[in-house]
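Novice: Here are the chains, one letter per residue:
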Amino acid sequence: MTYGGYETLVVERQGHVGWLIFNRPDQLNAMNNLMRDELADAWLELDRDPQVRVIVHTGNGRAFQTGVDVMEIATDGIGFERYRDSMENFDVHFTAWHQQVWKPVICAVNGICAGGAFHWVADSDIVIAASDAQFFDPHVSVGQVVAIEAIGLIRRMPAEAVMRMAFVGKYERMSAQRAYELGMISQIVDPPERLREEAQQLAETVARNSPTAMRHTKQALWGALEAGLTDACRAGAKHLVAMWGHPDQEEGPAAFAEKREPSWAPLTPPS
Amino acid sequence: MDQRVDIGRFERLEVWRDGHVGWLVFDRPAAHNALDAVMFRELEAAWRALDADPDVRVIVNTGNGPAFQTGLDMVQVARDKEALRAVSRQTRDFELRFTAWQVGVRKPVIAAVNGVCAGGGLHFVADADIVIAASNATFTDPHVSVGQVSAFETIALIRRSPMEPVLRMAFTGRHERMTAARAYQLGICSQVVDPPDNLRAEAAALAEKIARNSPTAMAVTKKALWEALERDLTDACAAGAKDLAIMWGHPDQEEGPAAFAEKREPAWTALDHRLLDAATAREDDR
Numbered sequence: 000m001t002y003g004g005y006e007t008l009v010v011e012r013q014g015h016v017g018w019l020i021f022n023r024p025d026q027l028n029a030m031n032n033l034m035r036d037e038l039a040d041a042w043l044e045l046d047r048d049p050q051v052r053v054i055v056h057t058g059n060g061r062a063f064q065t066g067v068d069v070m071e072i073a074t075d076g077i078g079f080e081r082y083r084d085s086m087e088n089f090d091v092h093f094t095a096w097h098q099q100v101w102k103p104v105i106c107a108v109n110g111i112c113a114g115g116a117f118h119w120v121a122d123s124d125i126v127i128a129a130s131d132a133q134f135f136d137p138h139v140s141v142g143q144v145v146a147i148e149a150i151g152l153i154r155r156m157p158a159e160a161v162m163r164m165a166f167v168g169k170y171e172r173m174s175a176q177r178a179y180e181l182g183m184i185s186q187i188v189d190p191p192e193r194l195r196e197e198a199q200q201l202a203e204t205v206a207r208n209s210p211t212a213m214r215h216t217k218q219a220l221w222g223a224l225e226a227g228l229t230d231a232c233r234a235g236a237k238h239l240v241a242m243w244g245h246p247d248q249e250e251g252p253a254a255f256a257e258k259r260e261p262s263w264a265p266l267t268p269p270s
Numbered sequence: 000m001d002q003r004v005d006i007g008r009f010e011r012l013e014v015w016r017d018g019h020v021g022w023l024v025f026d027r028p029a030a031h032n033a034l035d036a037v038m039f040r041e042l043e044a045a046w047r048a049l050d051a052d053p054d055v056r057v058i059v060n061t062g063n064g065p066a067f068q069t070g071l072d073m074v075q076v077a078r079d080k081e082a083l084r085a086v087s088r089q090t091r092d093f094e095l096r097f098t099a100w101q102v103g104v105r106k107p108v109i110a111a112v113n114g115v116c117a118g119g120g121l122h123f124v125a126d127a128d129i130v131i132a133a134s135n136a137t138f139t140d141p142h143v144s145v146g147q148v149s150a151f152e153t154i155a156l157i158r159r160s161p162m163e164p165v166l167r168m169a170f171t172g173r174h175e176r177m178t179a180a181r182a183y184q185l186g187i188c189s190q191v192v193d194p195p196d197n198l199r200a201e202a203a204a205l206a207e208k209i210a211r212n213s214p215t216a217m218a219v220t221k222k223a224l225w226e227a228l229e230r231d232l233t234d235a236c237a238a239g240a241k242d243l244a245i246m247w248g249h250p251d252q253e254e255g256p257a258a259f260a261e262k263r264e265p266a267w268t269a270l271d272h273r274l275l276d277a278a279t280a281r282e283d284d285r
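In the order they appear, the protein sequences are chains A and B.
Residue numbers for the first sequence follow numbering that gives the first Met the number 0, so the first one is 0 and each next one is one higher.
Residue numbers for the second sequence follow numbering that gives the first Met the number 0, so the first one is 0 and each next one is one higher.
Same shape as in the complex, but just chain B (with noise of 0.2 Å):
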């Protein structure tokens, strides 16, 4: 543990490997974290880098600072003329490209909610498969109260959790906030850990089980479960039928029995995703 090696060189964010286990650290604690042009920017290119690096298996989103995540930091984004003009584009074409979903990161993702995630902050939350809280972690969409509507994070939210409690956090908007204890009960995230100082810790802990299975067949299952949100029950059985073909013949479904039966760790072949490429090219063809 703690053999860190950093992943490109951004500001707003810290983006390193640890093992396995790739870490996407948002950095701007003194603005709870809010995005500002520099950190849209950079989300971009530092999801990619994580995807692409060969040794990483498994991401872990958090923040520094008491805040997770608040969202667009408006005023900020409002005086670089070019990030607002991206920034309207992309939200208008819904062409944005700053949570792993958007970017297509084929890699098992956890987001690691270290306190307030406000808004926009509740992207990083309905864009990731795994969702940890500290104890301290709360949740709340205040968008109506300042006059703005509330959709991206909220039409991903209600696919993964009760539509209600999301119809709640959306309507009474800055005046409620969810606590950790509710969004475990209702299933928007997975663990509560307590106390909060040990939040990293257990998700590098959850990380790494995780990084014990393959990563091919992770990446295969991660395109069938989210593309099925795209589609009606039989389609998406059908088109995951097709997904498990992928995997047919690859070398992981030889590697993971022969381990098992010899109680050894299997030695996976690295994830190569020109092997998805192509899969996605074929059904882009028909």
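So here's chain A without its partners, still in its complex pose (with noise of 0.2 Å):
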């Protein structure tokens, strides 16, 4: 089925795996402002349908993402300054992270992934890539300053990697061979067309899963990202503890020993 209403978007459900798809294939799905707005709204209208248990997020086209769209935001009168208001408050809405999605998130890199792609890239949860993707971070060559998704990225994988690219800017891409042997991303799909079709097996694979095991586990990592070891732990154990005496506790269980799928509890909405 497709969520209706999106412009830049295409927003669909595949059983219990949702797809937000960029959808501006000639400017390389980068981002203006219309584009933000139904990012904020799409994620969180998978994140609320209780059919949805795994998000697959790709682009239309050549490009998975470009990042923003300069050209419009310079030049419609207001888009820049709304952008700046944004920025200059962490005020963002336009990645699963800064939504809160607390589904797990599947990016399927289809191709160009340049400069602001990488918020994309740094903020989902498992990450997949055709094997002709291209990862490349053009900021300071057009006298942009990269902080946001580089400060993320280092965070999950060999920070020499992501200096390389912050400094190289245009004039060096990283292959999909050199982000997988760098954990960046941990497939390559070849040939690229099956891309999509290898990503929605992983999510089905994935939604196999306990919904609200995995709430919480990836409540419990992407809060650790937040603090010093032994408190990442400590805040963990709430997690943990959460899911004590929760009905997939002895589903789980229960059906491994009959052979059977588990029928897990539906999420409940997020508080």
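Any given hint could turn out to be false.
Quick list of the computed label-pair ranges, beta carbon to beta carbon [as the list claims (entries may be wrong)]:
1. A:Ser140 <-> B:Lys241: 51 to 61 Å
2. B:Gly103 <-> A:Arg163: 33 to 43 Å
3. B:Arg281 <-> A:Ile150: 29 to 39 Å
To list a few chain A residues with every Cβ distance to chain B over 10 Å, as calculated [to be verified]:
4. Asn22
5. Leu27
6. Arg81
7. Ala149
8. Val167
9. Gly168
10. Gly182
11. Arg195
12. Arg233
13. Gly251
If you are wondering where the hints come from, they were derived from the structure by calculation, not from laboratory data.
For clarity, every value in this text was computed on a predicted model and none was experimentally measured.
Note that CB positions come from ideal geometry on N, CA and C, so glycine has one too.
Reassemble the complex: the two chains are provided individually, in unrelated frames, and hints are given to aid placement.
Specialist: In structure tokens form, the structure reads like this:
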């Protein structure tokens, strides 16, 4: 099924898998003001839909994402001031992490992933890529600072590779193979046309697990990036304990013993 | 080699010393070394005994049988009401005491992953200093597939591995396993041993290299690096600077260069825990 009302995105559901697809292929999926607003809504719509257990995120056309559409934002008179305000206050709403989506998010990088595109790589849980995907960060080559995306990335992968991308700018591209070696992504799909099929399959695998246990696991692990190790474990203990007594903790072992798929309780609405 | 001296008496573990190398071996092979109530209790005592033994300079942790570790045996633990209460309370308050890090072991710990390492087994990988694996070892985290939350093991793992593969392991659950070769690529382990039967010999060889270094310098190094995981970069370096000073004036700082100049093995002073106890007490005072 397709969720209506989006111009710059395609938002769909296939079984338990929600799809959020950038749909400005002629602009290499660059994020204009409308897309920025629609992303905020789309993440929340997929997060609220009880049928959705896992979200896959990809792009139409030859690019995954190329960051902010500077042309539009700089020329429409209001866009830039709005953008500046939101950044200065770090009051932004275009990634799953910004919107506190606690369902697992798989980012499926389908081609060029440049600059601001790293927001969605850094803020996803699992990242896979087509074999012809290319990663680079041209910010400093056009006189822009890179901060938030790279800050997110150096918490989740070796820092040298992020620094190199930040400083070489548009003059070098990282291959999907190198991204895999570095643990930035966990799977390369070849041929590239099979990316969505593989992403759907991976998402269906993830959807076999307890939605509630995954929500608490995600909250514990992302929360851990905010604290020292011991404090993070103490905070994580709250998420472990939150699951105690939940019906999924009986259902999981019972289904395993009876060699059947577990029938998980639906997620309670986010509080 | 193989001058085995048993340390303590345990039912679910084998604990011994061979030269300067201490061994802590999970010994519940029929249950894939899952932690039952007895092993849960014994681990704290075993780590403490190895850390206290002045002849042990480095500890190797591995398992008997086809598995390395598969985490808590909840069915068995639930039968022992007292153990269940202890596990529940220690989990809730994060006061678990079954890994080297939880117990505060100061000596270097090598995890030698001899087979499947599943779920709570990842604690012993996450909380070790060095990890090596047999070529047939696998890593998987089935928690969410049985309706459990994954937290402590994966929280520690994302500090020492790229995060994405840990999240993938957490969310694919029992439906995927990571190979030893992939764990090596990602830096989760630093050596893959093939054939797998050579794992203990390779672990012993590695441990004997480590045992040639100053036990006190290694203990302070371990303190500085693990405590850095508690802090932001600048604070961690400032704390690390204080750790450097713990070693100043220690006899190993004379012995090291002297032995090097005289082309002989250094005669290190055994680790004196009181030195680090005093440093920790000073930190607590501040």
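Novice: For each hint, tell me whether it holds in the structure or not.
Specialist: Checked hints:
For A:Ser140 paired with B:Lys241, a C-beta distance near 42 Å fails the hint of 51 to 61 Å. The given range of 33 to 43 Å is respected by B:Gly103 and A:Arg163, whose C-beta atoms sit roughly 38 Å from each other. Range check, B:Arg281 to A:Ile150: Cβ separation about 34 Å, and the 29 to 39 Å hint holds. With a minimum CB-CB distance of about 25 Å to chain B, A:Asn22 clears the 10 Å threshold, and the non-interface call stands.
At roughly 24 Å from the closest C-beta of chain B, the C-beta of A:Leu27 stays outside 10 Å, upholding its exclusion from the interface. Every C-beta of chain B lies more than 10 Å from that of A:Arg81, the closest at about 32 Å, which supports listing it as non-interface. Every beta carbon of chain B lies more than 10 Å from that of A:Ala149, the smallest distance being close to 15 Å; the non-interface claim holds. With 10 Å as the threshold on Cβ separation, the claim that A:Val167 sits away from chain B holds: the shortest Cβ distance comes to roughly 20 Å.
Its beta-carbon lying about 23 Å from the closest one in chain B, A:Gly168 satisfies the requirement of being farther than 10 Å from that chain. A beta-carbon of chain B comes within 10 Å of the beta-carbon of A:Gly182; the shortest separation is about 3 Å. Every beta carbon of chain B lies more than 10 Å from that of A:Arg195, the smallest distance being close to 18 Å; the non-interface claim holds. Listed as a non-interface residue, A:Arg233 fails to keep its Cβ farther than 10 Å from every Cβ of chain B; the least gap is roughly 5 Å.
Residue placement check: A:Gly251 does not keep its beta carbon more than 10 Å from all beta carbons of chain B (closest about 3 Å).
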